[in-house]
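Once you've looked at the hints, dock chain D against the given chain H.
Letter by letter, the chains look like this.
Number of protein chains: 2
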Amino acid sequence: MTDQRDTMSPPPALRAGVDLGGTKIAAVILDEHHRVLGRARMETPQLGGPRKVLDAVAASVLSALQDAGAASIDLGSIGVGSPGAVDAAQGTISHASNVSGFDKPVAAAAELQTRLGKPVRLGNDVGVAVEAEARLGAGRRLNSFLGVWWGTGVGGGVILDGRRWLGRGHAGEFGHTLVKKNGAQCPCGLKGCLEAYAGRLAMEKRARKLAAQGRKTVLFDLMEKKASDRLSSGIWDKALEKEDRVAQEITARACEALGLAMASVVNLLDLDGVVLGGGLGGRLGPRCLPAIESALQRQLFVPEKPPKLLLSELGDEAGAIGAALVAR
Amino acid sequence: MTDQRDTMSPPPALRAGVDLGGTKIAAVILDEHHRVLGRARMETPQLGGPRKVLDAVAASVLSALQDAGAASIDLGSIGVGSPGAVDAAQGTISHASNVSGFDKPVAAAAELQTRLGKPVRLGNDVGVAVEAEARLGAGRRLNSFLGVWWGTGVGGGVILDGRRWLGRGHAGEFGHTLVKKNGAQCPCGLKGCLEAYAGRLAMEKRARKLAAQGRKTVLFDLMEKKASDRLSSGIWDKALEKEDRVAQEITARACEALGLAMASVVNLLDLDGVVLGGGLGGRLGPRCLPAIESALQRQLFVPEKPPKLLLSELGDEAGAIGAALVAR
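These protein sequences, in sequence, are chains H and D. Heads up: the first sequence runs through residues 2 to 329, numbered per my numbering. Heads up: the second sequence runs through residues 2 to 329, numbered per my numbering.
In isolation and in its complexed conformation, chain H is listed as follows (with noise of 0.2 Å):
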């Protein structure tokens, strides 16, 4: 026995995590730690549909392992977290709008498998960046919190004595937590949503709005001068920090809605704390988090006992580390 097990290579302790967003795909290498060892960003193709998606995603893998010093045979399996419907016992992802071709089933997981030679688990992205929180961030010290990924859309996660809670597994549509009756148009069709108030979406809708009745701002001279076609996160921070009326007024207001959506929240769970994070959550978070706080203390049923409101720790990495947390 002794001598069969000294002669036994120990199995490869790398693990690999893909955070796939609809912009970017970004790559990390874990070790058994959960230290990381090596990252890859590359560029999401916007043609090509599946084959070429996925090429990418190995690809990414391959750097990173490369960026660790690593080696193929090092790495034990690959987690990837994507937007959209994730069947995880299939290996599947659908109704991923913003990915090319992944609006309809992909058989990502065997298919990545097929290029990369290893096991592979998929997860939701924003699902795995709060577990990732909840491990190594900054929900590592609660028992019980509310993730909340503050980006185009508001995604969400809840963690309940250290686990997340998945319902039957379409749990932490935080975004679509209601914050005015019949009130203002969410992208997605329901009315008075939070991500109809706070969402980058929502939010460039209501700027060009205001624009267009004839409110000055700069922040659309800021998207010329990037070259962009959207108020990306940076650019929302540029003009807060030039004090633009416009961008502070409508941040306000997503602030209010981000705040008194958590104090629902904490009214009927009674959560120890709340992690903000996500592209927006990442970029306006520490600027914003006083007003947040403010409306979320504002609706608390119970004042003298508020949650915390903590920044997420792992920043626009926290997706890329938490799929490498649920693979194999």
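If you are wondering where the hints come from, they were derived from the structure by calculation, not from laboratory data. Where hints are given, some of them may not hold.
No copy is singled out in the list; a pair is fine if it fits within one copy or between any two copies.
[What the hints assert, rightly or not] For lysine-lysine, the following BS3-like pairs were computed, each having C-alpha atoms within a straight-line distance of at most 27 Å:
1) 105 to 306
2) 192 to 306
3) 210 to 239
4) 25 to 119
5) 206 to 239
6) 226 to 243
Computed from a prediction, not measured in an experiment: that's the story for all the values here.
Here is chain D on its own, set in the frame of chain H:
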């Protein structure tokens, strides 16, 4: 050993449960199979402070025991469900402003133990009622559900994997889920809570306002006829039966708010179901379920997977039965 066991009498198997309310005290006696063997109901003393109230609680237990054809020696333990802030570990009740003298802390468990000679445990009134539905009522086939107790206020409880989620001890305040930011004034001091649209108190306030504006309604005639000082659930039911327009409008507004707030919770937690109970829930539930369900369905993020919306099966005994379940 065998001899000794044979000569020992078995521990008393019956449990008493008491639902302490602002107007009524209800008690039940349960056997080890959770069958209700006896019951008692009495008015809550409106004056005289904790001593009088606890005397009445003790009397209700003895009366229910008698109804069960049992004696004090058969009783193993007692559970009490109470409004206000219940500290189960300390055995105290406080902030129960609608029970005489219970606004300040009362050592209810110890006091009742002295009166009845049996161990007493306390629980939150709505919380234990929701647990009773989970174990013995409408929720027994659901892995996870939101219990909604629709009455003077709107209480709640969240059952996850069959167990009530307590958070840091204050979970369940579903009545203070936001329905409209900066909306109607809630009795709790906040604005736009569900309870500000759907609580019996809020509904009565709105009825008085509409009547003062000259709207015709039978609500207050019914109240006078019943020599009541408030619009009870029975009066609302009667007015709806008579197709009173004001009652219909206010109830529709309450049902919309209930359904929308339920949808917010289901979007976040993806629960199997929602169970509706409480005074108004029991009385108006059958009539109101379609309107509540329609608002709930309207605001679901994943409309193809609606939760089951069910009426409480234990009715107005849920609280007393739930209290018996926390005994011992």
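message = To test your reading of the hints: which numbers does this structure violate?
response = none
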